[in-house]
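Oh and the sequence shown: position 387 is 396 in our numbering, straight run, nothing missing.
It should be emphasised that the hints constitute simulated quantities derived from the structure, not laboratory data. All figures in this text were calculated on a predicted structure; none of them were measured in a lab. Don't be surprised by glycine CBs; every beta carbon is placed ideally from N, CA and C. Don't take each hint at face value.
[Claimed, not checked] Label-pair distances were calculated between CB atoms; the ranges are: (1) 115 / 213: 20 to 26 angstroms; (2) 272 / 213: 39 to 45 angstroms; (3) 223 / 22: 19 to 25 angstroms; (4) 329 / 229: 37 to 43 angstroms; (5) 416 / 191: 35 to 41 angstroms.
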Amino acid sequence: MNTNFRPNARTFFRFAIPSVASMLMYSLYTIIDGIFLAHAVGEYALAAINLVMPYVNAVFALAVFFSMGTSTLVAFALGRGDREEADRVFTQNTYVLFALSFALAALVEIFTEPLARFLGASGNTAAYVVTYLRIVAPFTFFFMVGYSFEVLVKTGGHPAMSFVSMLSCFVANVALHLVLVVWLDLGIAGGAVATVVAQGIGFFIFVVHFLRKKSSLRFVRLKKLFLGVYGKILSLGLSEFAGEASLALTVFLFNRAAYRLLGDDGVISYAVLAYVNNIVLMVMSGVAQGMQPLVGLSHGAGDAKSCARFYGYALKTAAVAALACFLACQFFAEGITRLLLEPSSAMFGYTAGALRIFSYSFLLVGFNLCSAGFFNAMERPGRALVISVGRGIVVIAASVYLMSALLGARGLWLATSASEALVFAVNAALVLTLFLRDKTLRFNEKSLRP
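Please construct the entire structure, taking both the sequences and the accompanying hints into account.
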């Protein structure tokens, strides 16, 4: 990979746009299940997919745990010009994720029904949840290893390839859902098969890329596994793991609270909010992930000013995206809700109102995610972990419990905003102290000019 790039906006957007596009495509990819199943099968199928989401998020959290730390080490190696080390770390991570995904798939197949009950499946949704899990679980490696490839193909200097893969997945997912769910009327089983096949297409696109000579990263023969490197990999990936695991925990907690306050209707309503929230999170994560390899490469090369520039570009981009998402939910809540619920649904009007309340959290999430990614790329995993754990586990759990207890369902929809606001305050303090202590970092208008 050529590390002699100019630290300007053009370089940032060359990485950020494909990253955001691929993450946005991924979020739309996940919402396809909900759209087709909600309209072709019914609202309980929509609720069932949302009940399964904590498991899916947990799978991706494990992939993130290994992949983001690996990405950072690969970026450092490429920044030093050590291609052999980069290939070795990349190959070993692929082996480890394959083994982990097969072990996880076996556990899910053995304990499918207990897992469904743990996720909150009830009499109306249990059969849907069990069917979906049993079809998807054997192909967990498509999701885990495929995500790792998506991250590392960008680190290797081919960010557009991640978009090509995700676009292929998206098109295949839409086409297969149309055929299997709508035309052949295979219900939630058809939706699960469509998801697996589409994910497999994206997986094999990455495999072909890494086997080509033009790839900056290649599979190499390993004489032995260097497991000692995983202390570094996991410490660097811990903050992103906590952030991704927080999605699983958040959906799980909200599903439980929504059912307690509103019954199955609450789970249906929250499913809509969760899909919209996932789109926003994926956009912000795409900005952060587009920034991270650039900051990592700059940091590996000892160029602190470029680190600050790329961070500044990410914050500005995230702020614009956050405002756009918030305004869309405020002015077009009914239109967004109509994608997943029929206007005749008893929960349609209520859900649109809940979406307007929930969307206030979008205004701060970009800063929090970009800052966590910046800390990690700068080898400050402790600061990144504070943000990720605070935002995604400790604070959100407390907010869901307290806000719903004090204000009922309205408080539940405000819980995410309260959580993001508190984390924002802590995050701002951590960013400020970093820039004050490290005099080589200059976060000002001059440093942000192309």
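Hint by hint, here is what the structure shows:
1. 115 / 213: 20 to 26 angstroms: Check passed, 23 angstroms falls within 20 to 26 angstroms.
2. 272 / 213: 39 to 45 angstroms: Given a distance of about 43 angstroms, which is inside 39 to 45 angstroms, the answer is holds.
3. 223 / 22: 19 to 25 angstroms: 23 angstroms, holds
4. 329 / 229: 37 to 43 angstroms: Hint holds: Cβ distance 41 angstroms, inside 37 to 43 angstroms.
5. 416 / 191: 35 to 41 angstroms: 40 angstroms, holds
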